[in-house]
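**Q** Residue numbers (this note's numbering), protein chains in the order written: chain A, 1 to 424; chain B, 1001 to 1151.
Don't read these hints as lab results, they were simulated from the structure. Quantities reported herein were computed from a predicted structural model and do not represent experimental measurements. Each hint should be verified, as a subset may be incorrect.
[Said to hold, decoys possible] Think about it this way: if two alpha-carbon atoms lie no more than 30 Å apart in a straight line, the pair counts; the simulated DSS-like pairs of lysine-lysine are:
#1 B:K1079 / B:K1100
#2 A:K158 / A:K40
#3 B:K1079 / A:K40
#4 B:K1079 / A:K418
#5 B:K1095 / B:K1111
#6 A:K418 / B:K1111
[Stated by the list, open to error] Simulated coverage check for chain B against chain A, where a stretch passes if three residues somewhere in it have a Cβ under 8 Å from a Cβ of chain A:
#7 1023 to 1034
#8 1058 to 1065
#9 1121 to 1129
#10 1138 to 1149
Every residue gets a Cβ at the ideal spot worked out from N, C-alpha and C, and that includes glycine.
What follows is each chain in one-letter form.
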Amino acid sequence: MTTAARKLGSESCPSPDTEPLDVEKIRADFPILHQQIHGKPLVYLDNAATSQKPRAVIEAITRYYESSNANIHRGVHFLSEHATEEHEEARRTVQRFLNARSANEIVFVRGTTEAINLVTQTYGRAHVGAGDEVLITGMEHHSDIVPWQLLCNEKGAKLRAAPIDDNGALLLEEFARLLNPRTKIVAVTHVSNALGTINPVRKIVELAHQHGVPVLVDGAQAVPHIRVDVQALDCDFYAFSGHKIYGPTGIGVLYGKASHLNAMPPYQGGGDMIASVTFEKSTYNKVPYKFEAGTPDIAGAIGLGAALRYVESIGLDRIAAHEHDLLEYATQAISPIPGLRIVGTAKEKAGVLSFVFDTVHPHDIGTILDQEGIAIRTGHHCSQPVMQRFDIPATARASFALYNTREEVDALVRGIEKVREVFA
Amino acid sequence: MSDLRDLYQEQILEHSKAPRNFRELGTANHQAEGNNPLCGDRFTVYLQMDGDAIRDISFQGAGCAISKASASMMTQALKGKTRAEAEQIFERFHKLVTGKGANGEEEELGKLAVFSGVSEYPARVKCATLAWHTLEAAFEGQPEAVLPDED
Ligand SMILES: Cc1ncc(COP(=O)(O)O)c(C=O)c1O
């Protein structure tokens, strides 16, 4: 596009989503990025493990503790009402962010792991019986395997996993073949944390629904990177963690269709989740409170709300475009390195670059890069079945966020050269 | 700043590329598996004990350079030693890699002293001690090493 055309375009259609990111401006929002590690500027490429926090999130939490802190849903006093309102405002922000029909479909939990456990222990225990099947994929995080395994062991049900191909893409025909009348629930990751693969969730939901099977989506690695619309996906449950989308740790979200949430038994018992209690019997609060026993992470929810607003203010489409550019650039930069092999080469990928390098163990790669100020993750990434599928013990993984730059990718490439020097 | 070469000493790299006594031991009467779930390192240590003496020792498995070299050099250092001697060497080695050693330690450890750089890299202590914990399990007749939370 010529400059004139771009100008014209932006005037006639002033969508911020078409402008490239001003990365330097964004980096200024993240205090932690501006430091030296082992005498080198920090290059933070471990975003799939957890993301850094913008000042807007840190300040929202501080502001809450400095001026609004009180317990919620229980006081008639000013601060309690104020804290309750801020907490519910965060819930509405999540609703808008996921495009859920109602804020009552948003349950606050500790993170993706707790969200999945909530579903296995409520919906799962109510619907999965002896001889039934739970269908997942071969690229799930342990948190979308083990809770189902516990459920299946308890009920005498069977956990089945749809296989993936050599690029790390789901074999959709195999998945479809595994759906059968015994299948009671499907659980799939939206984006794989170990491979970066983006799963065709809309298609998966369609296939499952043809069999009347509900679908839980593990969105931990998706929400920070691609636009998610739970109504368009038509999924039954959607789980994500605040800390991977620039929010605090200790807070996460379970979205569930109201029809499911209303029918499900409670998860944990305690205060806030009840309507009335006698020693004989308790009646439960309405959703989502039925699933939120005890004093929740109020500050965490408010921090998460601030994080989602921060992401909205930049625009997920721009973020996705920026990260896609980084992924392409990095893929091209590291592919020619002799002895280096990228693990996870699906056509549809988010900003995850997993690789192995000659016979050098990823752990050694991680230590050497760390000396260069570069933070990556090494190991099995809580996805041991993925490692088994590719017959490797571990990978080195660089994962990108909106504040990463091409210069940081260049530093990664230089770091890998350093690994070669040490192990030459 | 610690220099990478303090960690990845020439001998460590050399042993990681060409580990010694890297085979299954047909004559073994003790063996155990050690597994670091954090990084996927996994070794089996084989022992042929003659009374209290280590007549032969070998290992197999996969892991990072530090864990592999440590296993390799351990087998070299311990062949012909008694169990008590081996345990004393591990105690010294442990102090060395955790940086708690007295100055005399390095001399007594001989070649194993090349692991002194590990103490600058706390995340890698577990790599250096994996084979040794596995050895302990083999002495005890346990099939699998239980790794301590703190090394
Ligand atoms: C795909 C995926 N699912 C689930 C999780 C678990 O998230 P959390 O530890 O925040 O509960 C992670 C994070 O590591 C993940 O990457």
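**Q** Decide, hint by hint, whether the structure agrees.
**A** Going through the hints against the structure:
1. Restraint check for K1079 (chain B) and K1100 (chain B): the C-alpha separation of about 26 Å stays at or below 30 Å, so the hint holds.
2. This hinted pair does not check out: K158 (chain A) and K40 (chain A) have alpha carbons roughly 50 Å apart, beyond 30 Å.
3. Proximity of K1079 (chain B) to K40 (chain A) is assessed by CA-CA distance (about 44 Å); at most 30 Å being required, the pair is judged violated.
4. With a C-alpha separation of about 36 Å, the suggested pairing of K1079 (chain B) with K418 (chain A) is violated against the 30 Å cut-off.
5. For the hint pairing K1095 (chain B) with K1111 (chain B), the CA-to-CA distance comes to about 15 Å; that is within 30 Å, so the pair holds.
6. Only pairs whose Cα atoms come within 30 Å are accepted, and K418 (chain A) paired with K1111 (chain B) is accepted, the gap being roughly 26 Å.
7. Counting residues of the region 1023 to 1034 of chain B whose beta carbon lies closer than 8 Å to any beta carbon of chain A gives 0, which falls short of the minimum of three for the stated coverage.
8. Look at the region 1058 to 1065 of chain B against chain A: 4 of its residues bring a Cβ nearer than 8 Å to a Cβ of that chain, three or more, so the hint holds.
9. With 4 residues having a beta carbon nearer than 8 Å to a beta carbon of chain A, the region 1121 to 1129 of chain B meets the requirement of three or more and the stated coverage holds.
10. Here's how the region 1138 to 1149 of chain B fares: 0 of its residues keep a CB closer than 8 Å to some CB of chain A, so the rule of at least three is not met and the hint is violated.
Hint check: violations occur at hints 2, 3, 4, 7 and 10; the rest are consistent with the structure.
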